[in-house]
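J.: In the numbering used here, the protein residues as written are 1 to 597.
Hints are not guaranteed to be accurate.
Restricting the straight-line Cα-Cα distance to at most 25 Å, the calculated cross-link-like pairs of lysine to any residue (SDA-like) are [stated by the list, open to error]: (1) K140 x Y76; (2) K460 x P146; (3) K492 x G368; (4) K504 x L532; (5) K442 x P425; (6) K568 x K216; (7) K527 x H515; (8) K140 x T156; (9) K53 x E135; (10) K82 x K105; (11) K216 x F427; (12) K105 x A92; (13) K557 x S513; (14) K150 x T507; (15) K105 x P146; (16) K346 x K568; (17) K93 x I74; (18) K492 x T507; (19) K350 x G502; (20) K557 x H515.
In case anyone wonders, no lab produced these hints; they're calculated from the structure. Model, not experiment: these values are computed from the prediction.
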Amino acid sequence: MTTGDSGNIAASQQLTDNLARVEALSQRLVAALAQKRAPNPSLEGPGNDLYLKAGSALLKEWMENPAKLLEAQINYWGQSLKHYVEAQQVLAKGRLEPPEDTGPKDRRFANPLWDSNPYFNFVKQQYLISSRAIEDAVGKIEGLEPVDRKRVDYFTRQIIDMMAPTNFLATNPDALERAVATEGASLVQGLENLVADIEASKGDLIITLADRDAFKVGVNLGTAEGGVVFRNHLFELIQYTPTTETVHKTPLLIFPPWINKFYILDLKPQNSLIRWIVDQGYTLFVVAWKNPDASYAEIGMDDFVQDGYLTAIREVKAITGEPKVNAVGYCIAGTTLGLTLALLQKRADKSINSATFFTTLTDFADQGEFTAFLQDDFVDGIEQQVQRDGVLSSYFMSRTFSYLRANDLIYAPAIRSYMMGEAPPAFDLLYWNGDSTNLPGKMAVEYLRGLCQRDNFAGKGYTVLGEKVKLAGVKVPLCAIACETDHIAPWKASFAGIAQMGAKDKTFILSESGHVAGIVNPPGKNKYGHYLSEAPIEDAEAWKQASLFHVGSWWPKWGAWLAERSGKRIAARALGDSAHPVLAPAPGTYVLERSTT
Numbered sequence: 001m002t003t004g005d006s007g008n009i010a011a012s013q014q015l016t017d018n019l020a021r022v023e024a025l026s027q028r029l030v031a032a033l034a035q036k037r038a039p040n041p042s043l044e045g046p047g048n049d050l051y052l053k054a055g056s057a058l059l060k061e062w063m064e065n066p067a068k069l070l071e072a073q074i075n076y077w078g079q080s081l082k083h084y085v086e087a088q089q090v091l092a093k094g095r096l097e098p099p100e101d102t103g104p105k106d107r108r109f110a111n112p113l114w115d116s117n118p119y120f121n122f123v124k125q126q127y128l129i130s131s132r133a134i135e136d137a138v139g140k141i142e143g144l145e146p147v148d149r150k151r152v153d154y155f156t157r158q159i160i161d162m163m164a165p166t167n168f169l170a171t172n173p174d175a176l177e178r179a180v181a182t183e184g185a186s187l188v189q190g191l192e193n194l195v196a197d198i199e200a201s202k203g204d205l206i207i208t209l210a211d212r213d214a215f216k217v218g219v220n221l222g223t224a225e226g227g228v229v230f231r232n233h234l235f236e237l238i239q240y241t242p243t244t245e246t247v248h249k250t251p252l253l254i255f256p257p258w259i260n261k262f263y264i265l266d267l268k269p270q271n272s273l274i275r276w277i278v279d280q281g282y283t284l285f286v287v288a289w290k291n292p293d294a295s296y297a298e299i300g301m302d303d304f305v306q307d308g309y310l311t312a313i314r315e316v317k318a319i320t321g322e323p324k325v326n327a328v329g330y331c332i333a334g335t336t337l338g339l340t341l342a343l344l345q346k347r348a349d350k351s352i353n354s355a356t357f358f359t360t361l362t363d364f365a366d367q368g369e370f371t372a373f374l375q376d377d378f379v380d381g382i383e384q385q386v387q388r389d390g391v392l393s394s395y396f397m398s399r400t401f402s403y404l405r406a407n408d409l410i411y412a413p414a415i416r417s418y419m420m421g422e423a424p425p426a427f428d429l430l431y432w433n434g435d436s437t438n439l440p441g442k443m444a445v446e447y448l449r450g451l452c453q454r455d456n457f458a459g460k461g462y463t464v465l466g467e468k469v470k471l472a473g474v475k476v477p478l479c480a481i482a483c484e485t486d487h488i489a490p491w492k493a494s495f496a497g498i499a500q501m502g503a504k505d506k507t508f509i510l511s512e513s514g515h516v517a518g519i520v521n522p523p524g525k526n527k528y529g530h531y532l533s534e535a536p537i538e539d540a541e542a543w544k545q546a547s548l549f550h551v552g553s554w555w556p557k558w559g560a561w562l563a564e565r566s567g568k569r570i571a572a573r574a575l576g577d578s579a580h581p582v583l584a585p586a587p588g589t590y591v592l593e594r595s596t597t
């Protein structure tokens, strides 16, 4: 037998093995897809009314100004034909050289073959020409209301991104090169990854963003020392072990969002805000929310305020013996902190000494990138879904957030996993991003209807525990941190809410970066800076123009602000007390619960 014969036999055996794997994976795929939840058409795309409005506006435009639409169409035809002819001329000369690409760089097309190979270059250029033509055509449709305009633009971009040539095997040079180099093994492994994801999600496709086996909460994530000193049906209250001999007299209580888990503030020691706060000499308590199941269907905003916020404040006061607490609210937890503060003001309750808001929306006049999902077609669909499930499943929440950054959180990971056959990276932030939570059905609908859609807190008032509260009722000293490129809580919208609060003592800090990276931004790295301004908190643009940029993290500035409002130093406190024994070590038990809905 020759060496060549041996090689052919080995290749033949590998092909046979791969085909056997594909057959087995195909059977698993069919079985996994059979478990898929019943689809809710209202949550799969916009309602027909949006198509009707866009179609009617386009027809009206065609009837009243056909020349404008014809001009756009002819321009597209001209660019496409010119592109084709130029490519043919190059090929006819036998040069096989695509034209120089002088346009803006797109990281989806990083492979040199997109510029050097005539086929891939032609595909890329035609995609970009078509994308610009679609955006231009949609942009010229007149007569749409501002909300409908935002929604049409958003869904148009989704279609454009979905149709990128990188998302298809035949037009993705990276995937093809990998398939050739591995003799097809990468594609088989990609199918393995796809089937595993569908199996893990019970028939739905949720892309695994990070290696699930690389991290374990309480082992290499969320490892700051402390203990659970109180627990009820909504939350565990964690008190963290002091690292200084003395601490500020007034304790600090953090309410993280219940849309995600609190350990984003304690991913690892070097970027843990929780550890940093404790090291500054604060008695720190953090709320760890319960991950609800269908039995929580009737838990509403009132329950979160009464059994969550007011109860946590009461217990912290009892444990420390202090009459007042400094409070922090992050994202949706900041919104609810605002409601709680306005309620306490009405009750003449002085329990909160100062409040800090991280990336918080309280005025929803500008719905930002969520405009597409906050209209009746989607919210009606959510209401129907939670009536059936009892909760708004983490599946719908994570999918919505992912589509706001589809290229980064859907298509790029799918390409790496399913086309390239790569294992998910060991990336702590992406692991946390995938560790989602459900929302109680009643609470989700109340939040979407009363706050996001009707904007009652900034308008006619939002009813909490029988009291109608407004933004002007937030009167405690406050500090707000917003993030410059935040796509979830746009900084100007956050500013607008803070501006309407009734506090006389207000500080606003604008951090660089986005919703998470702008907050989890430890000192020392100087990765993202921040803006501070002495201008009144009235107009966002005027405030920004008057601001000074500071290199590095905002944490020390906020730490100094907080220290001024936290009293004298006293001996560090032990965890809990006789009435609040340690029930479990930090990070507790609730944070370990995974969503199964």
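J.: Between K105 and A92, is the straight-line Cα distance small enough, at 25 Å or below?
T.: Given pair K105, A92 is violated - Cα atoms ~28 Å apart, limit 25 Å.
J.: Straight-line Cα separation of K492 and T507 no greater than 25 Å?
T.: holds (15 Å)
J.: Has the given pair, K460 with P146, been kept, meaning a C-alpha gap of at most 25 Å?
T.: holds (23 Å)
J.: Sort out whether I74 lies within 25 Å of K93, counting only the CA atoms.
T.: It is violated: about 28 Å lies between the C-alpha atoms, which goes past 25 Å.
J.: Below or equal to 25 Å on CA atoms is what counts here, so check K150 against T507.
T.: violated (32 Å)
J.: Does the structure keep K140 and Y76 at a Cα separation of 25 Å or less?
T.: Given that 25 Å is the threshold and the Cα spacing comes to 14 Å, the pair holds.
J.: Is the hinted pair K527 and H515 satisfied, with a Cα-Cα distance of at most 25 Å?
T.: Holds, because 15 Å separates the two Cα atoms, which is no more than 25 Å.
J.: Is K140 within 25 Å of T156, Cα to Cα?
T.: Holds, at roughly 13 Å.
J.: Compare the distance between the alpha carbons of K557 and H515 with 25 Å, and conclude whether the hinted pair is satisfied.
T.: holds (19 Å)
J.: Hinted pair, alpha-carbon criterion (25 Å max): K53, E135. Please report holds or violated.
T.: Holds. K53 to E135 sits at ~17 Å (cutoff 25 Å).
J.: Does the structure keep K105 and P146 at a Cα separation of 25 Å or less?
T.: violated (31 Å)
J.: Are K346 and K568 close enough, with their CA atoms no more than 25 Å apart?
T.: Judged against 25 Å, a Cα distance of about 29 Å means the pair is violated.
Hint compliance for this structure: hints 5, 6, 12, 14, 15, 16, 17 are broken, all remaining hints hold.
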